[in-house]
Amino acid sequence: EPEVTQTPSHQVTQMGQEVILRCVPISNHLYFYWYRQILGQKVEFLVSFYNNEISEKSEIFDDQFSVERPDGSNFTLKIRSTKLEDSAMYFCASSNWNTEAFFGQGTRLTVV
Amino acid sequence: GDSVTQMEGPVTLSEEAFLTINCTYTATGYPSLFWYVQYPGEGLQLLLKATKADDKGSNKGFEATYRKETTSFHLEKGSVQVSDSAVYFCALSDQHTGNQFYFGTGTSLTVIP
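Chains A and B supply the protein sequences, listed in that same order. The first sequence begins at 11 in the numbering used here and counts up by one. The second sequence begins at 425 in the numbering used here and counts up by one.
Please keep in mind that the hints were generated in silico from the structure rather than gathered at the bench. Please note: incorrect hints may appear among the correct ones.
[What the hints assert, rightly or not] Listed below are the simulated DSS-like cross-link pairs for lysine-lysine, each with C-alpha atoms no more than 27 Å apart in a straight line:
{"#": "1", "chain 1": "B", "residue 1": "Lys484", "chain 2": "A", "residue 2": "Lys67"}
{"#": "2", "chain 1": "B", "residue 1": "Lys476", "chain 2": "A", "residue 2": "Lys88"}
{"#": "3", "chain 1": "B", "residue 1": "Lys492", "chain 2": "B", "residue 2": "Lys476"}
{"#": "4", "chain 1": "B", "residue 1": "Lys480", "chain 2": "A", "residue 2": "Lys52"}
[Unchecked claim] So the derived label-pair ranges between C-beta atoms look like this:
{"#": "5", "chain 1": "B", "residue 1": "Thr529", "chain 2": "A", "residue 2": "Val122", "range": "46 to 56 Å"}
{"#": "6", "chain 1": "B", "residue 1": "Thr529", "chain 2": "A", "residue 2": "Asp72", "range": "15 to 25 Å"}
{"#": "7", "chain 1": "B", "residue 1": "Phe442", "chain 2": "A", "residue 2": "Gln27", "range": "31 to 41 Å"}
[What the hints assert, rightly or not] Going by beta-carbon spacing under 7 Å, a handful of chain A positions derived as facing chain B:
{"#": "8", "residue": "Gly26"}
{"#": "9", "residue": "Gly50"}
{"#": "10", "residue": "Lys52"}
{"#": "11", "residue": "Ser58"}
{"#": "12", "residue": "Glu66"}
{"#": "13", "residue": "Phe75"}
{"#": "14", "residue": "Gly114"}
{"#": "15", "residue": "Gln115"}
Every residue gets a Cβ at the ideal spot worked out from N, C-alpha and C, and that includes glycine.
For reference, chain B alone in the conformation it holds in the complex (with noise of 0.2 Å):
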């Protein structure tokens, strides 16, 4: 079945670093990838999203790109800033199973000044 496997937490960096947070796929179709981020006490925002293989979504410095080769849908940003701490899931959807959404584990992410 469809699945999103991502890269255990916590994850702290120093505000500045460069940040990946890994994420590889399973599906049977063709889906859809997201990224969603959860701020401390928040409910879940959408960040980016990829439609289609080579497709890149990018937000607020953020950045993934649909790699159908990998299965995957890394997310990077080049300089974090303190603002960024927050849970970051990454999840697929997948036509053929009914617009389903799957979710990731959730990787937290510290930055500290």
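Next up, chain A with everything else stripped away, as it sits in the complex (with noise of 0.2 Å):
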């Protein structure tokens, strides 16, 4: 069956540090996500990408986030200075038009 890839399952970075997540997204569809979700909470919706390019960001989703479709199977999540808030799991998700969305098993990043 196919799955979303997300790799690392853990990391660890300092704080003002730079991290890519890195995701795999199932390989015919169209519609690639970010969320994010700090222990305990909500689902939080970061970014939605289509047609190479974000198609709906969040307030969260703010300069110091991008995203990435470098080549035809990886959609990347880049923090550029990340900041101790920051912590949390990262879930990536694809789907394609009106179907449900798939979600990879997460990247828990810690910042300390």
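Work from the hints to combine the two standalone chains into their complex.
Below, the structure written as structure tokens:
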């Protein structure tokens, strides 16, 4: 069964450092998403990506964040200068038009 | 804008009890509705879905009916098991908002033997 894969599963980084979270969406999907979940809290939308550009982004997705689809398979989230409050589980998801989103297992980001 | 409101938790039930988790939504168009489940330490998994009014999604004994008149998509199960302990998220996707998924806050369910 096709699945969304995310690497690494856990990333520890120092405050102020750049991190790149990687995702391989399901191969025939057209829509890609990043969500985050701070421990014990709700799942928050960060950004959606379609046709090689951002289609929507939330207030959380400020200038410190960027996304890229560098090749035909990967979808990355970059945080330029991490803050303590960026510590969360980050989920990548992909979907097709009007279908359910398939989520990866998540990357737990810990900023120290 | 689009949103999902989900009943607050946590919910604690005894095994074989009846479960209802309420979910209502606001959407500009005709959304598809979903329930996702998150087991401890895992990612989000689709539990069931409904794409149009009056559709009933079902899976693993769980059911939810898309009610346009009450803008609701309540999750039900007749007899819960310990293995159902998880966090349940109601969600919608609306093609009028670029297919973005909107999630409720999640309801934590604990089933005790």
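Consistency of the hints with the structure:
1. Restraint check for B/Lys484 and A/Lys67: not satisfied, since their Cα atoms lie roughly 34 Å apart, outside the 27 Å limit.
2. For the suggested pair B/Lys476 and A/Lys88, the alpha carbons sit about 36 Å apart, so the restraint of at most 27 Å is broken.
3. Pair hint B/Lys492 plus B/Lys476 holds up; C-alpha atoms about 9 Å apart against a cutoff of 27 Å.
4. For the given pair, B/Lys480 sits about 25 Å from A/Lys52 by alpha-carbon distance, which is consistent with the 27 Å threshold.
5. Checking the proposed 46 to 56 Å range against B/Thr529 and A/Val122 shows it is violated: the Cβ atoms sit about 28 Å from each other.
6. Checking the proposed 15 to 25 Å range against B/Thr529 and A/Asp72 shows it holds: the Cβ atoms sit about 23 Å from each other.
7. With their beta carbons about 49 Å apart, B/Phe442 and A/Gln27 fall outside the hinted range of 31 to 41 Å.
8. Given hint, A/Gly26 at the interface with chain B, is violated; its Cβ is 28 Å from that chain's nearest Cβ, farther than 7 Å.
9. With a cut of 7 Å, the hint placing A/Gly50 at the interface with chain B is violated, because the nearest CB-to-CB distance is about 9 Å.
10. Because the closest C-beta pair between A/Lys52 and chain B is about 4 Å apart, less than 7 Å, the hint holds.
11. Here the hint on A/Ser58 is kept, as its CB sits about 5 Å from the closest CB of chain B, short of 7 Å.
12. Taking 7 Å as the C-beta cut-off, the interface hint given for A/Glu66 holds, the closest approach to chain B being about 5 Å.
13. Hint status for A/Phe75: violated, given a least beta-carbon distance of 16 Å to chain B, over 7 Å.
14. Of the supplied interface hints, the one on A/Gly114 holds, with its beta-carbon coming within about 6 Å of a beta-carbon of chain B, less than 7 Å.
15. Interface restraint check for A/Gln115: the shortest CB-CB distance to chain B comes to about 4 Å, inside 7 Å, so the restraint holds.
Going down the numbered hints, you'll see the structure goes against 1, 2, 5, 7, 8, 9 and 13, while the others check out.
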